Each structure stands twice: as C-alpha cells, then as structure tokens.
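Enquirer: With the hints in hand, could you dock these two chains into one complex?
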Amino acid sequence: MNEEVRKESGRSGAFIISARKRKFQKIAKTAGESMLLLIASFVAIVVLFIFYFVAVDAIPYFQLRGFSEFFTSSNWYPAGEPGEFGALAIIYGSGMVTLGSTLLSVPMGIAAAICLSDILPFSVRQYAKPIIEMLAAIPSVAFGFFALVIFAPLLQTHGGPILMWVWWVLAAPFLLLAAIVIADLITAKIQDQNSRERMSKVLLAVFSVGALGFLYWVGSVLQGIEILTGTNALNVSIILSFMSLPTIVSVSEDALQAVGRDLREGSYALGATRAETIVKTILPAASSGIIAAVILGVMRALGETMVVWMASGNSSHIPDPWFNYLEAVRTLTATIAGDMGEADQVTGSARYHVLFAMGLLLLVISFFSNLVSERIVVRQRKILSGQ
Amino acid sequence: MNVGTRKILNRSFTAVGIGSIVVMGIALLIVIVPIIYNGVGAVFFTGTIEHRNMLYNEFGEGDEAELAKQNAAAGVYRKEVYAMLAGFEAELEAMESERQQEFRSKYGSVRNALTALMGPLPGDTGAMLTRFKYGQTRWEKAEEKLHEFLYEAKWDYSDPDAMAKEYYVSRAAEFEGTSLVKIFPYVEKHLEEIMRPEFTIYLGFLTDSSVDSHIFGGIWPEIQGTFFLAIGAMLFAFPLGVIAAVYFTEYAREGLFTSMLRSANSTLAGVPSIVFGLFGLAFFINTLGVSESKSVLAGSLTLAIMILPTIIRAAEEAILSVPRTYKEASLSLGSTKWNTIMTVILPAALPGIITGGVISLGRAAGETAPIIFTAAVSVGSAIGLADVFSSPTPALSWNIYNLASEHEAAAEIRHVQYGMVLALVGIVLLLNLSAILLRARISKKLKG
Numbered sequence: 000m001n002e003e004v005r006k007e008s009g010r011s012g013a014f015i016i017s018a019r020k021r022k023f024q025k026i027a028k029t030a031g032e033s034m035l036l037l038i039a040s041f042v043a044i045v046v047l048f049i050f051y052f053v054a055v056d057a058i059p060y061f062q063l064r065g066f067s068e069f070f071t072s073s074n075w076y077p078a079g080e081p082g083e084f085g086a087l088a089i090i091y092g093s094g095m096v097t098l099g100s101t102l103l104s105v106p107m108g109i110a111a112a113i114c115l116s117d118i119l120p121f122s123v124r125q126y127a128k129p130i131i132e133m134l135a136a137i138p139s140v141a142f143g144f145f146a147l148v149i150f151a152p153l154l155q156t157h158g159g160p161i162l163m164w165v166w167w168v169l170a171a172p173f174l175l176l177a178a179i180v181i182a183d184l185i186t187a188k189i190q191d192q193n194s195r196e197r198m199s200k201v202l203l204a205v206f207s208v209g210a211l212g213f214l215y216w217v218g219s220v221l222q223g224i225e226i227l228t229g230t231n232a233l234n235v236s237i238i239l240s241f242m243s244l245p246t247i248v249s250v251s252e253d254a255l256q257a258v259g260r261d262l263r264e265g266s267y268a269l270g271a272t273r274a275e276t277i278v279k280t281i282l283p284a285a286s287s288g289i290i291a292a293v294i295l296g297v298m299r300a301l302g303e304t305m306v307v308w309m310a311s312g313n314s315s316h317i318p319d320p321w322f323n324y325l326e327a328v329r330t331l332t333a334t335i336a337g338d339m340g341e342a343d344q345v346t347g348s349a350r351y352h353v354l355f356a357m358g359l360l361l362l363v364i365s366f367f368s369n370l371v372s373e374r375i376v377v378r379q380r381k382i383l384s385g386q
Numbered sequence: 000m001n002v003g004t005r006k007i008l009n010r011s012f013t014a015v016g017i018g019s020i021v022v023m024g025i026a027l028l029i030v031i032v033p034i035i036y037n038g039v040g041a042v043f044f045t046g047t048i049e050h051r052n053m054l055y056n057e058f059g060e061g062d063e064a065e066l067a068k069q070n071a072a073a074g075v076y077r078k079e080v081y082a083m084l085a086g087f088e089a090e091l092e093a094m095e096s097e098r099q100q101e102f103r104s105k106y107g108s109v110r111n112a113l114t115a116l117m118g119p120l121p122g123d124t125g126a127m128l129t130r131f132k133y134g135q136t137r138w139e140k141a142e143e144k145l146h147e148f149l150y151e152a153k154w155d156y157s158d159p160d161a162m163a164k165e166y167y168v169s170r171a172a173e174f175e176g177t178s179l180v181k182i183f184p185y186v187e188k189h190l191e192e193i194m195r196p197e198f199t200i201y202l203g204f205l206t207d208s209s210v211d212s213h214i215f216g217g218i219w220p221e222i223q224g225t226f227f228l229a230i231g232a233m234l235f236a237f238p239l240g241v242i243a244a245v246y247f248t249e250y251a252r253e254g255l256f257t258s259m260l261r262s263a264n265s266t267l268a269g270v271p272s273i274v275f276g277l278f279g280l281a282f283f284i285n286t287l288g289v290s291e292s293k294s295v296l297a298g299s300l301t302l303a304i305m306i307l308p309t310i311i312r313a314a315e316e317a318i319l320s321v322p323r324t325y326k327e328a329s330l331s332l333g334s335t336k337w338n339t340i341m342t343v344i345l346p347a348a349l350p351g352i353i354t355g356g357v358i359s360l361g362r363a364a365g366e367t368a369p370i371i372f373t374a375a376v377s378v379g380s381a382i383g384l385a386d387v388f389s390s391p392t393p394a395l396s397w398n399i400y401n402l403a404s405e406h407e408a409a410a411e412i413r414h415v416q417y418g419m420v421l422a423l424v425g426i427v428l429l430l431n432l433s434a435i436l437l438r439a440r441i442s443k444k445l446k447g
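These protein sequence lines are chains A and B, in that order.
Mapping to numbering that gives the first Met the number 0: the first sequence position 387 is 386, numbers consecutive.
Mapping to numbering that gives the first Met the number 0: the second sequence position 106 is 105, numbers consecutive.
So that you can see chain B by itself, here it is in the shape it has in the complex (with noise of 0.2 Å):
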C-alpha cells in the first residue's frame, strides 16, 4: 500500500475511535438532556388558579384570602361563560325534538371539554375523583384543552391501505344558528382571566404525597421508598461485603477452593436482575416468609445479593491498592494481624471502600427488577420506619415504569413521569459524582 494511503487509513482509525466516544456523549445527552428539562418542569412552571385551589384544599397551602380574591377575579369570567351555557340549555329545551337529539350529545362533549379545561361547573354532579374536582393545573396543558374544547378531533378512516388520518372539526361551526356560538371566541379570548396563569415552584413535589395516583401532588412515597430500600440494602451487603473482601485480600489461600468462592462472585454479578427478583419472591417470600407478602425487608434483602459482588470486587481492590510498607510497618512493630487489619489496613483503604459502597448505592436506588416481585406497589403512601419489615413500598423505579406504561391517564401526567426519572437520575448520578470527587481526592493523596 501506498504511504499516503496508510496515512489516511491511520487518520480514519483515530477518526473512529475519536468518533464513537464523541457518539456515546451524544446519546448521553439526547438522554439526559429532554429529561432534565422536561423533570426541571414538574417544580418550576405556569400554574394555574385550578393549581393553587386544588394546593390549598389538599394540602392547606396558600394563603386564603389572596386565593379568595383571585377566584373572585376570576369567577366575573367563568359567569359569563356559565349563563351561556345555562342560555343554551334553555334554548335546547325549546327546540323540537328531532334538533334537540343531534345538538344534545354534542353539547354534552362540548360540556366536558369545559370540565376538563376548567373544572367542574355549575349543575354537575359531585365529583367521585379527586381528578375531577379540579380543572387543568398547568397552563399549557389548559392551552390543549382549550384546543380541543374549540375543535373536536375526528379520525378519517378513508383510505383504507394509510393509516388513518387525525383532523379537526371547529366546534364554533356544529353550533352554528344557536347561541351557544359566542361561548367559543368567548372562552379563547379571556383565557388567562378565566385560568389566571402565574409562574408557580412547587418544591412540594419533592415532599407531598400523591392525591389521586398521581394526577395532582408529588413524589415523597417514592423518594421515601427507594432512599428505605437503598438503605437497607446497603445495611446488608456492606458488612457482608467488606469482611469478604478482608477474607479474600488477607486470609485466602491460593487454590481451588478460594477459586470457586471468586468464580462463584462473578456468577453472581452476572445473574439477569429479574432473576433476582425470582429468587427473591421464591426464596425470601415463599421460603423463609420475611413477610407475609412483598414488603420493604424483603426488597432490600434482594438488592444486597444484588450489589454483594460489587461491594466486594471494590473493597477488594481498594485493600489491594494500600501499600504494602504500611502493613510490614504496623507486622513489624510486633503487632497481630488482626490488629493490622482492622488498625492499619481498613482505615488505609476506608475511602476506597467508601466510593465502592456508594456506587453500590446507587445502582439499588436505580434498579427496578428485583423489587418488582418483592417490593414494590404502584399506589400507596410513605410508609412508617416500623412498617418496612411488613409492608410494601411505593419506589422511583418502579413508579416510572408504572406511570408511564399501565396508568390509566399516562399521556396526562407525563410532568410527573419526567419529575420523578430526573429525581431518580439525580440521586443516582449524585451519589455516582460523589464517588468520582472522592476517588480522585484518593488518588491526589496517594500520589502525596
């Protein structure tokens, strides 16, 4: 080959390498970056006065007086908007019966359309939900369902080989010759008087519980959970791990039998983690009965075996990496090994240890299969710190998933589902960022 040509192929190797590690940033960030700003959106955003209502009747936040005021201010427009509706009602029941049939199912979408944007209104019937109680909390969620109150979506069916095609009919237009026809330019236009839009920071999101699964409130029971069952893990696996690590860096002997323990550690570390869950619900649940059911306990048993091996490989290496003039030192001075271990050794390495737990930490926060069968539950509230040997817990992870595919009203609370990834990604990536400052304060050290 050509000495040009080998140059060009030496440039488009670095090019390659340069260029798939340029790509894993990317995916990082295509990842993180919608889920951080969207997440970001879940505390700080336009809320509406359905928002601070729904704040002060639930929660008893917000102050009365200020809230009695801008309801007041806004209660002038929604009149308005009800005696249109009460003008047309009277109107329907004047009309002959064949008209008052076709216009009567639509003013009924017409009137849920309006539920939907602004709350329940006058003549309806008590709300069962606390969902229904309350109009949209956000304001460019009340912006779609202004949307969809002024045209009403319809599916075109026509070709039969294409998927069928969304458009929009006006509603403005079906109501054409009848009064209610004014409530829709009505309704558009005094919009921000009638939902009062105000920029709001809801930290309670972080420290209220849900009301209504998850339709209004925040995510304390989850964050609760997923901190109890991290915790927990953490109780057993750590101590567990260290003295294994002891065991294999200063007591073990070279041959088949340490050879299995180690090959018996990497099996576990590369056990499926729904396996783990497996294990968990036969073993921990069906066997030994740590709980009648899933409970907290019984979770955080199952995260241990999981992050065991982790611990171990870490603290084995942090041992491994204390200089060996530290432990002839302290053996030289007369003293027993034991005593150089727990005196000398373990200190040495106690940082390493550390950053190893931490990761370990993270990764039960963030790890979802395990506890599916042993753990977790879609709806609940914090539990007590005396209720984690016998009940079940809410959890970030699996609260994610739950929300995002089996709830009921997924695509309306998708603030929610990115408040609480981003929570979780924080917590994880911040104990994983305390890891990193931490081992490279280590290193700093060693190197004197």
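Here chain A stands alone, though its shape is the one from the complex (with noise of 0.2 Å):
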C-alpha cells in the first residue's frame, strides 16, 4: 500500500524531485522572482522617468532665459516678439486658488471625517460613505462644465445675495455659539448661583444682539457686491475644496481610526463630552495623519487642471488688492494645457520649454509634499503601535 503511494507520487513528481529538476526549479525561481521583481520596480522607473523627461525638456528654458524673470515678472506675453515668460502672477494665481480651496475644504473634511469615525452609527455611515465615492469620481471635467456653464452665470447675476446667504447660514449658529460660550466664560468666577445665572444671561442678550448687528452689516455689505466676472477665484475655490474633500475625508478618517479604542475610553471615563474627547484626546492623537491628509487635499487641489482651466477666466494678473477672490486669475496648470496647442509647433523655442518648467515645478512640489506626507503617516504608525 505503502509502496504503491510512493510509486504513484513518484511518477507525477510532485513528492519526490531529482536533483536535477531541482536545480531547475531553483533557476526558475531565481528567474521568476527578478521578472517580478523587475515589473515591481517599472513605477520607480517610470517615476525617474517622468522627472528626466520633463526636466530635460525644461532645462533648454532656464538656459535661454536664466531663472530670474520666471520667479519675479508678471509679464506673461509668451506669443510677443520677444516672448515675455514671467510666470508670478501664474504661480500666484495656482497658490491663490489652492489656498481658498483649501481654507474651505479643511475645516469642513475634518469635521465630516469625525463624524464618520465617530459620531454617526455604522447603519448611517453606510449611506454616507458612497456620497464621498461619487463626489470622488465624478471626473474633473464635469465639475468644470458646472463650474462654467450653470455657477460662473449664477455669481454673476446673483453674487451678492448668495454671499449674504452664505455669510448668515454659516456665521449665526458659530456667532451665537461664541456668544454662549463667553458669557459662560465670563460669569464662571460668580460665586452664589442666582446671581451667576442672571448676569449669564443679561451677557448672553448682550452679546446676541450685537453678533446680530455684526452679521446684518456684514451681510448687507456683502449683499451689495457686484462680481463683473463669475468665472473668478472664488468659483474655482468653490468647486476645487470639493474636487479635494473626499482625500481630505478618507485619509484624515483612517488616521482616527487608527487612534485606538482605549484613548477613547479613558476619556470618557474621566467625564468628558464626545466633543471634547475628539478635540482634546482624538485630534492631538491624529494629528500627523490629518496632516497628511491636508498635504494630499492642497496638493489635489494644485494639480487639478480642467475645472481652472474652464472656470478660472485666465488672466495673467495678480488681483488688486492682492486677496481679491473675485477676480479672475490664472494657474500653472490651466496655463500648461491652454498654452501647449499653440507651442506645439514650435517646438524647441522658449514658448514650449516654459510650459516644461511649469511642470517641472508642480512635479518638484507633488513629490515634496508626498515625501513630507509619507513620512509623517509612517512616524504616526510607529508612535502610536509603540503605545
């Protein structure tokens, strides 16, 4: 019985190798695991790659041109004769447009992230996740033709009173909040209760009525705001915090996630609120995740192309006064794409190697703040499964 096995597993090879199948199969493997191997490392090539090529088609610029009049003019007349090729107004504009989109995606990502990870039951996070894939995949092009074709019409023609709109349903609840909290803060030191809760609440209608002023001027100010172009900073702003907001939401919602339960729980069991458990234990914890995921939103936003393309209005100048949101502005990478068709024949000159230098500059500033953002999720990881 014994034998007939044996035989059996013999005859197929599968048990019993010779020495020289052996020494075969080792060759192979050898072999199969550098093709492997040479396949994994492809994206590393092409990586170096990408750089060569781009910085090879880049260099010929600064030669012709010296770095000079890149960084400091804002001239940009790359058809004139001779071409003018000061691209400060257009990094500025790319800085502008990021740092708006930005400044309204963060807040409102990290705040949707804890929700997910913290506040809402796994039945409604279910429903909420797949609003955040959509939003993700809606291709870039889409939100430019809104951002162009249904948004640009609508600040223009209604500007002002959706400022207004904007200004009063976002700042009352914050500035009657603060309000609450001051008068809170301020009557703390009272002693006897009575007294403690009447002057609370005299100070709360004080501080009630005068946000209410504050919000009323603010807005009639901004009511009255005539935007001349709706293809503006603004509209681009709008539309690229949400191009960023599913990054900002996913990455920064893995980062409280892998904050543990027991920071959580010792929280709790010292008496404080969900809310000051995610502020005072959570965030500090997660800090450097949300970090990186920050990075990844700016960086998302200042490589976004089609939506600054269609809906920036492309003009080469550095807005008056400089925070000026309602004016159209133009980006390095609306400027890539726009100037590329008409520099393509004339491949060679200053015209088509400035648009290489822009690129080479987006390049260098995505692997920066990729290694920066890198190293901090791995310094995260480390900290916390050190705990």
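I should point out that these hints are in silico values taken from the structure, not numbers from a laboratory.
The structure presented is a predicted model; accordingly, all values stated were derived computationally and were not measured.
A virtual CB, placed ideally from N, CA and C, is assigned to each residue, including glycine.
Misleading hints may appear alongside valid ones.
[As the list claims (entries may be wrong)] List of simulated lysine-lysine pairs, DSS-like, C-alpha gap at most 25 Å:
no.: 1; chain 1: A; residue 1: LYS28; chain 2: B; residue 2: LYS326
no.: 2; chain 1: B; residue 1: LYS188; chain 2: B; residue 2: LYS105
no.: 3; chain 1: B; residue 1: LYS6; chain 2: A; residue 2: LYS200
no.: 4; chain 1: B; residue 1: LYS188; chain 2: A; residue 2: LYS279
no.: 5; chain 1: A; residue 1: LYS25; chain 2: B; residue 2: LYS336
no.: 6; chain 1: B; residue 1: LYS326; chain 2: A; residue 2: LYS25
[To be verified] A partial selection of chain B residues facing chain A, derived with a Cβ cut-off under 10 Å:
no.: 7; residue: ILE17
no.: 8; residue: GLY18
no.: 9; residue: LEU239
no.: 10; residue: ASN285
no.: 11; residue: VAL289
no.: 12; residue: TRP337
no.: 13; residue: GLU366
no.: 14; residue: VAL424
Expert: In structure tokens form, the structure reads like this:
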C-alpha cells in the first residue's frame, strides 16, 4: 500500500524531486522572482523617467532665459516678439485658488471625517460613504463644466445675495455659540449661583444683539457686492474644495480610526463629553495623519487642471487688492494645458520649454509634499503602535 | 465651564460634523441634478420638423411619406410667410432711395432672424455649412429664435459707470406703415404650424456621429474614443499592476529598496495629471515615437501610467485581505509558493482586484489633462480599431471642454454639452456603482 503511494507520487513528481530538477526549479524560481522584481520596479523607473523627461525639456528654458524672469516678473506674453515669460502672477494664481480651496475644504473635511469615524452609527455611515465616493468619482471636466456653465452665470447675476445667504447660514450659528461660551466663561468666577445665572443671561442677550448687528452689517456689505465676472478665483476655489474633500475625508478618517478605543474610553471615563474627547484627545493623537490628509488635499487642488482652465478666467495678473477672490486668475496647470496647443508647433523655442518648466515646478512641489506626508504617516504609525 | 454650556457645545459639535456631510451631499446633488435633467434633454425633447428633415437627409432615418405630408402641411403656412417677404421686397424696390437704404439693412436682419428660425428662405444662396441648411431642430430653441425675430436686442450704454444693459425693441414697430408689419403677428400665431413640434426620443444621440461639429447629430465618436482610451490603458496597467502587487505582498523583503519602491508608487499617485500629459508628449511621442503625433496608443500608455498606482494599491489590499489560513493550507499540502499564488491567493483576491480595476477604468475614462497632448482631437469621426496605433480620437472628456469653451457656437449647443457630460458621468458612476456592489458582495461572502 505504502509502496504504491510512493510510486504514484514519484511518477507525478510532486513529492520526490531529482537533483537536476531541483536545480532547474531553483533557476526558474530566481528568474521568475527577478522578473517580478523588474515589473515591480517599473513604477520607480516610470517616476525617474517622468522627472528626467520633464526636466530635459525644462532646462533649455532656463538656459535661454535664466531664472529671475520666471519667478519675479508677472508679464506673461509668450507670443510676443520677443516673448516675455514672467510666471509670477501665474504661480500666485495657483497658490491663491489652492489656498482658497484649502480654507474651505479642510475644516469641512475634518468635521466630516470625525463624524464618519466617531459620531454616526454604522448603519448611517454605510449610506454616507457612497456620497464621498461619488464626489471622488465625478470626472474633473464635469466639475469644470458645472463651474463654467451653471455656477459662473449664477455668481455673476446673483453673486451678492448668494454671498449674503452663505454668510448668514454659516456665521449665525457660530456667532451665537461664541456668545454662549463667552458669556459662560466671563460669569464662571461668580460664586453665587442665582446671580451667576442672571448675569450670564444678561451677557448672553447683550452679546447676541451685538452678534446680530455684526451679522447684519457684514451681510448687507456682502449683498452690495457686484461680481463682474463669474469665472473667478472664488468660483474655482469652491469647486476645487469639493474635489479635494474626498481625499481629505478618507485619509483623515483612516488616521482617526487608527487611534485606539482605549484613548477614547479613558477620556469618557474621566467625564469628558464626546466633543471634548475628540478635540482634546483624539485629534492631537491623530494630528500627524490629518496633516498628511491636508497635504494630499492641497496637492489635489494644486494639480487640478480642467476646472481651473475652464472657470478661473485665465487672466494672468495679480488681483488688486492681492486678496480679491472675485477677480479672474490664471494657474500653472491651466497655462500648460492652454498654451501647449500653440507652442506645440514651435518645439524647441522658449515658449515650448517654459511650459515644461512649469510642469517641473509642479512635479517638484508634489514630490516633496508627498515625501513629507509619507514620512508623517510612517511616524504616526510608529508612535501609535509603540504605545 | 458650566455643564449646560458643555452640553450645548457637544451637540453643536455633532451638528457641525453632520452638517458638513449634509453639505457634501447637497453639493453632489447640486452638481448632478442639473446635469442629469439637462442631459436627458439631449435625447428626450420636443423636436420640430427641422429635426426630422435633418435626420432624414443626413442619416436617412424616418418615414419618407409621413415626412412629406408634414412638410406639405407646414409648407402651407411657410408659403404665406414667403409671400409676405416677397411682397415687402417689391415694396422696397419701389421706395425712394433714402428710405430704401434705411429699410434694407433692417430687412436684412429680419431675414437672418427668420432663417435662423425656420431654415433657408427662397432666394437664399445655397448654404455652405450644414448648420445653415436647417432651422431650429428643438422647440425651446425655436421659441428663443422667435423672440429674436420679434424683438431686436439693443444695449444701453448711457450710464458709463454701470455695465451696459440689454433692452428689446419690437421689430413690428420699426416696420410700421409697410406691408411687412403683418408678418410678425402671423409667425408668432402660427409658429406651431410652421415648426410642427412633436415629442421626440432621439436615441441616435448616443449612436450617431456628429454633423457639422456637433451642431446636429450624436456623440458616438466621443463615446467610442473614451472606451478605446480607457480599455487600452487597462490592457497595459492591469497586468503590470497585479504582478507588482503580488511582488509587494508575497516576495518583497522589507528594506530600503522596497520602501523606495513603495515611495515611488505614492509619488506617482501624487503627480498632477497635466504633468502626465507633458510626459506622454515628451516621452511616448517625441522620444519613443510610438506614433507620429497624437494617437490612441500614446494616450492609452499615458493613462496607464496614471492609473497604475491605484491598481497596485487596490490589488495589494485585495491580496492582503485573503485569510492567511488559505495560504498556509495550500503550502502545507506541498504546493509551491508560485502555485499557491496562482491557484489559491489570486482567485480568492480576484473580486477585490477587479473592483480596483473597475474604479481605475472609470478614472481613465474621465481624465482629460493627460490626453490633451497625447490623444484627443476636437473634431473627427469614429476611428476603426486598426487606426488606434496611428490616429487620434475625439473623447468625451476632451470634447466637453472643447464644446463648452472653444466651440464657436457654444451657447447654441448646450444640450449637446449636457448630453456629453451626462454620458461621461453616467459611464463613470455606473462603473463605480458596480464596483461598490461587487465590494459589498465580497464583504458579505468573507463574513460567511
């Protein structure tokens, strides 16, 4: 019986292997593994190639025109004779829409991430997640189309009232909340409970009236604003913020989930409310992961092309005053996309290479921010697993 | 702080969190609903007789006898209009030269407005472009053009500080005292008889090619181009991505080299999409010369590089989520590592890998920036499968941009633009939805 089994297996070669065959298998294994390694390092090769080929086409620009014009002048006349290639206003425009979208998306994204990880019950979360996934899936050109065809005319015709409504809806609850907290903090030192409550109510009433007046004043100023062009930095910032939200939400939710239950339970046991637990315990513990999320969100906004190309107005100048979000701007990505069509025919001129210089600038920024965010995530993982 | 205040703060904190998710949901609706509503209007709309004539002449669709009957019925009223025009022309000839000069230019603009509404008039020279061969094909557009016919738009520049305001002047008043005055109430009253609006379902919007750069016809070349590009990208990226994921999860030893590879992967994921376009132009076209200029092949290769990191990550996650026990059982039965991977791990991870692949397919279909310099053309017919190596193609994403911001009649063809956006968003969201459903099924299965 035993003998038979051995014979059987010997014939099929599954269990008993001759020395020659083993050698052959070893060679095949090494060859296979190095093949796998080669394919896996394909990504690294591609990254090197991207840097090399973008840089090779970018360097001729700097050889032709030097560094100073690109970074210090804001005269962008690539088609002129001779052309001028001052990209300062374009870099500024990129920074402006990125900053604007970050200011909108970061608070909202972190709040949504907290809500998903700590507040909503599991059954509701399952319905909230597809919203974020769908926002992430909508192609950028569809967002750009929305910004150009629907949102820009709306801003142009009803810009003032829209701004006023947004101000009221966003600011009113926060100011009321601030009034409550300040009234409470001021009266906290009063010992007698009755007089403290009375004092706090009086203060609350005073603060509320003040807040209402402030709300009304800013609201009427906003309502009076006339937006001359709907394709401006504000429009783009709002749309970009919705595009970078999914990244921020999902990465910071991961960071929040990585903070263990024990920290949360410890905080609750000490009598903290959920808000206090999150703000004072969970957020500090997850802070590095959230910073990484913010960096990735910023990169998403900075690297976006179609929305800014379609809806930013593409006007290469620094707005006046410098923080005026209601003026048209131009960004690096939109300039590359828009000018290549004309520059294409004159490969070899400064006009062609300056676009690669812009690409190189974007590439370098994205490379370093990626490196930083990765380091941060690795460090956080080490700290959390060490505890 | 007092307990009451702490409670209020706690509740408002919750409200802020829920509020931000609600804002995201509302934003999604605000973007999606007008696109769906207007996009559906590209297929379902009230079409005029001009639409049916255009379909018959350009695509050979429709019933000839029925169409002839309708044309005859509309012709009765149209003849009346033509007669009024002819009457006024005769009157114009008889006027003294000064009045004639004044009325001639006004009459010219009336004629243009009427041509835009109901197609070429008798006496017009043959139209060079197809767009001038037909009147308005859609009823709501016809009503717009009727307004332009009845009223002349003028701009008020009187206040130099404010923006110029638009105001309308009735053309009937301008022609007071001439025989042409009758034509305005007549066309207004009989517009339905002249244009014969009918509820139309134009499924050809998805399957016809475009006529005269999207003024008429459908978007098939774009849909096909999008599929070619996305599927081409998957053909390159999917096998490479899965093999790389197998290496990372099963073979890679933790060390400097592996962490460098991983770092390269996340760097690639963070590269702005327009830089991929630059790279595709500089490397695939100018250096390798995979094609003389833009081509589907160059575009697919560029997109493949772009979606590679996503596929690798998804495949890695799918492989890591296969229970260790599967692998151990297979190894303990004497199977080799490679055999285990091929027969146990990959089949178990396959649904997860496919989910990642489907999402990447959607991303490749929706991306615009990488194909601007490598594959996309604004105007073109559908290309054959044999041409993918050499010729560029129109694609949904690029043509949405092109029609919305560079087309010379962008405001006239909003319905085509919306239709294209809906087609693209529909393709991408359907792919994502199927991925979500697939994932839900897998997690159910894994739970047992």
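Enquirer: Does the interface hint hold: is GLU366 (chain B) within less than 10 Å of chain A, judged Cβ to Cβ?
Expert: 7 Å, holds
Enquirer: Given ILE17 (chain B) as an interface hint, is its Cβ closer than 10 Å to any Cβ of chain A?
Expert: 6 Å, holds
Enquirer: For the pair supplied as a hint, LYS28 (chain A) and LYS326 (chain B), is the alpha-carbon distance within the 25 Å limit?
Expert: Since the Cα atoms of LYS28 (chain A) and LYS326 (chain B) sit roughly 18 Å apart, the hinted pair holds (cutoff 25 Å).
Enquirer: Does the CB of VAL424 (chain B) sit less than 10 Å away from some CB of chain A?
Expert: With a minimum Cβ separation of about 5 Å from chain A (threshold 10 Å), the hint on VAL424 (chain B) holds.
Enquirer: Please verify that hint: LEU239 (chain B), Cβ, nearest Cβ of chain A, below 10 Å or not.
Expert: 6 Å, holds
Enquirer: Take the C-alpha atoms of LYS188 (chain B) and LYS105 (chain B), compute the straight-line distance between them, and say whether it is at most 25 Å.
Expert: The given pair, whose Cα atoms are some 22 Å apart, holds under the 25 Å limit.
Enquirer: Regarding the pair LYS25 (chain A) and LYS336 (chain B), is the alpha-carbon distance no greater than 25 Å?
Expert: 12 Å, holds
Enquirer: Would the hint on ASN285 (chain B) stand, with a C-beta cut-off of 10 Å toward chain A?
Expert: 7 Å, holds
Enquirer: Per the CB criterion, is VAL289 (chain B) less than 10 Å away from chain A?
Expert: 14 Å, violated
Enquirer: Hey, LYS326 (chain B) versus LYS25 (chain A), does the alpha-carbon distance stay inside 25 Å?
Expert: Within the cut-off at roughly 21 Å; holds.
Enquirer: Under the criterion of a CB-CB separation shorter than 10 Å, is TRP337 (chain B) in contact with chain A as hinted?
Expert: Constraint on TRP337 (chain B) satisfied, holds at 7 Å.
Enquirer: What's the verdict on LYS6 (chain B) and LYS200 (chain A), does the C-alpha distance respect the 25 Å limit or exceed it?
Expert: 17 Å, holds
Hints 4 and 11 from the earlier list are contradicted by this structure; the remaining hints agree with it.
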